[in-house]
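S.K.: In case you want the letters, here they are:
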Amino acid sequence: MLDFEEELKKFRPSLEIDQVEDTVYNNNLSDVTDLMDEMLREMKEHQ
Amino acid sequence: MKCFNCGAELTALDYCGKCGADVSRYCRLFQTSNAYYNEGLEKARVRDLSGAVISLRQSLKINKKNTDARNLLGLVQFEMGEVVEALSQWVLSRNFQKEDNLASYYIEEIQKNPARLSAINTTIKKYNQSLFYCEQGSYDLAVIQLKKILSTNRNLIKGHQLLALLYMKMDDYGRARSELDMVIEIDNSNTRALRYLKELDDAEGKQPRRKAPNPKEEVQVGKDSIAYVSGNETIIQPIGVKDNTGLHSVINVAIGLAIGVAVMWFLIMPAQQQLKSAELNEAVAEYSDQLESKTAALSSLQSEMDTLKAESEAAVKAAGEAADKLASQEELLKAYRLFTETDMAGALEQLEQIDKETLTDDGKVIYDSLFAQVGEEAIKDLYKAGYDAYRAREYETAVENLQRCYDLNNENQDALYFLARSYHGAGDTEHAKQYYQKIVDEFPGTKIATDAARFMAGI
Chain A
1 MLDFEEELKK FRPSLEIDQV EDTVYNNNLS DVTDLMDEML REMKEHQ
Chain B
48 MKCFNCGAEL TALDYCGKCG ADVSRYCRLF QTSNAYYNEG LEKARVRDLS GAVISLRQSL
108 KINKKNTDAR NLLGLVQFEM GEVVEALSQW VLSRNFQKED NLASYYIEEI QKNPARLSAI
168 NTTIKKYNQS LFYCEQGSYD LAVIQLKKIL STNRNLIKGH QLLALLYMKM DDYGRARSEL
228 DMVIEIDNSN TRALRYLKEL DDAEGKQPRR KAPNPKEEVQ VGKDSIAYVS GNETIIQPIG
288 VKDNTGLHSV INVAIGLAIG VAVMWFLIMP AQQQLKSAEL NEAVAEYSDQ LESKTAALSS
348 LQSEMDTLKA ESEAAVKAAG EAADKLASQE ELLKAYRLFT ETDMAGALEQ LEQIDKETLT
408 DDGKVIYDSL FAQVGEEAIK DLYKAGYDAY RAREYETAVE NLQRCYDLNN ENQDALYFLA
468 RSYHGAGDTE HAKQYYQKIV DEFPGTKIAT DAARFMAGI
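Respectively, the protein sequence lines represent chains A and B.
Under the working numbering, read the first sequence as residues 1 to 47, first letter to last.
Under the working numbering, read the second sequence as residues 48 to 506, first letter to last.
You may find that some hints are simply not true.
Said to hold, decoys possible - The calculated BS3-like cross-link candidates involving lysine-lysine, where the alpha carbons are at most 30 Å apart (straight line), are:
1. 195(B) / 9(A)
2. 356(B) / 427(B)
3. 403(B) / 372(B)
4. 205(B) / 10(A)
5. 9(A) / 173(B)
Everything labelled a hint here was simulated from the structure, so no lab data went into it.
None of these values were measured; they are calculated from a predicted model.
Assemble the whole structure, with the sequences as input and the hints as a guide.
M.R.: If you want it as structure tokens, here you go:
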């Protein structure tokens with residue numbers, strides 16, 4: 001059976017409209033291509 | 048697509064035409080990102096929104112500049128009621144691709160309708176408030192708030208989920224299932240909703256639910272009706288029903304009248320009776336107060352009357368005593384007048400009628416002095432008158448005077464002797480014997496005792 005209290009903890013407050021800007025700025029936008037660029041850069045430096 | 052090494056535009060070749068860098072793996076990453084986007088798109092088309100979000104996020108992890116994937120992610124999140132996340136994705140998308148970007152259109156559409164945006168923001172605030180109520184244990188308030196939110200923003204999946212969880216907490220499984228069905232309608236692979244439904248099935252001891260039938264699907268039920276499902280309700284609608292509008296109107300009016308009478312009987316009449324009862328109770332209370340005050344006044348008057356009665360009796364008694372005193376004073380004066388006229392017997396008689404206790408102290412002194420003077424003379428007069436009457440054989444007169452003389456002075460032997468003789472002479476032998484015996488007893492050894500004994504023996 002569900003543990004109500006535990007389930008309730010999984011619900012988080014929703015972001016409000018005026019927090020859009022913060023969300024955009026705090027978004028971690030690193031992707032695999034960034035990692036690859038970084039790896040290539042490091043390889044070049046070692047060479 | 049641009050070269051990661053020099054930024055030159057890439058062609059279909061596996062290397063950069065400008066710097067010669069191997070871009071084959073780089074191109075494969077882009078292809079993988081696009082594959083995830085396609086997968087997300089396919090999932091979104093069949094309303095597997097949760098699955099679509101996962102695929103699209105995966106796509107963006109590989110290539111953050113995949114604006115199609117980002118725009119679609121925003122759209123899916125908007126459909127799931129996550130407006131802020133959606134806006135964030137679109138803003139980022141527009142940042143990566145300023146021209147010819149669908150994200151600009153979405154943002155403009157939202158900005159064009161500030162009232163709608165404000166309403167959405169209000170629902171978000173209320174949702175957060177509901178969560179706060181839940182943390183405080185005010186589940187009823189949370190349910191009320193969530194119902195309001197979902198009437199404005201029907202697609203807020205987490206709102207439906209939270210409401211379902213609260214209903215499950217309250218053991219209201221029917222409503223919980225209804226909320227979860229709404230979630231499944233929006234996002235048919237929503238993991239949390241499916242898990243809750245499984246819990247509901249377990250709690251109710253049912254087999255897992257089969258997929259819900261198409262809401263619009265109509266099923267023929269018998270030959271006169273069809274049934275279709277709308278939401279959670281199966282509606283059976285008759286077909287080819289005869290139009291009886293007039294009859295229905297009359298029936299409706301009759302039902303309305305009956306309801307009106309029932310309302311009058313069950314609501315208005317009891318209210319009026321209650322009002323009358325309240326007024327009656329108030330009047331009874333008022334009369335009760337009045338009665339209590341009258342009773343108190345009556346009691347006070349009764350007490351006053353008792354006091355006055357006692358005073359009146361005391362006054363009457365005092366008046367009576369004063370009258371007695373006055374009468375005694377007059378008697379005393381009358382006796383004194385007879386004394387001065389030397390009528391000792393009359394004076395004595397008058398004195399005997401006086402109640403000495405009613406006299407004043409001075410009156411008592413006069414009374415005693417007068418009685419001493421009158422008594423001595425009166426005894427002599429009475430004896431003389433009695434003896435004279437005895438000698439004249441007037442025994443009744445003799446008895447009267449001698450009796451009084453003896454009463455005044457019971458040591459007078461002669462008065463006693465001639466009293467006995469007078470009784471004897473008058474034929475009253477009983478009294479004669481009584482007094483003879485008294486002489487014998489009180490004056491033994493005297494001549495009169497010897498004579499008395501002799502006369503007594505002769506009777």
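S.K.: Would the pair residue 403(B) and residue 372(B) pass a check requiring their Cα atoms to be no farther apart than 30 Å?
M.R.: Answer holds: residue 403(B) to residue 372(B) is near 9 Å, not above 30 Å.
S.K.: Measure nothing beyond the straight line between the CA atoms of residue 205(B) and residue 10(A); if it is 30 Å or shorter, mark the hint as holding.
M.R.: holds, 11 Å
S.K.: Would the hint linking residue 195(B) and residue 9(A) be met if the CA-CA limit is 30 Å?
M.R.: holds, 22 Å
S.K.: Going straight from one Cα to the other, do residue 9(A) and residue 173(B) come out at no more than 30 Å?
M.R.: holds, 18 Å
S.K.: Would the pair residue 356(B) and residue 427(B) pass a check requiring their Cα atoms to be no farther apart than 30 Å?
M.R.: Judged against 30 Å, a Cα distance of about 52 Å means the pair is violated.
When each numbered hint is compared with the structure, a violation occurs for hint 2 only.
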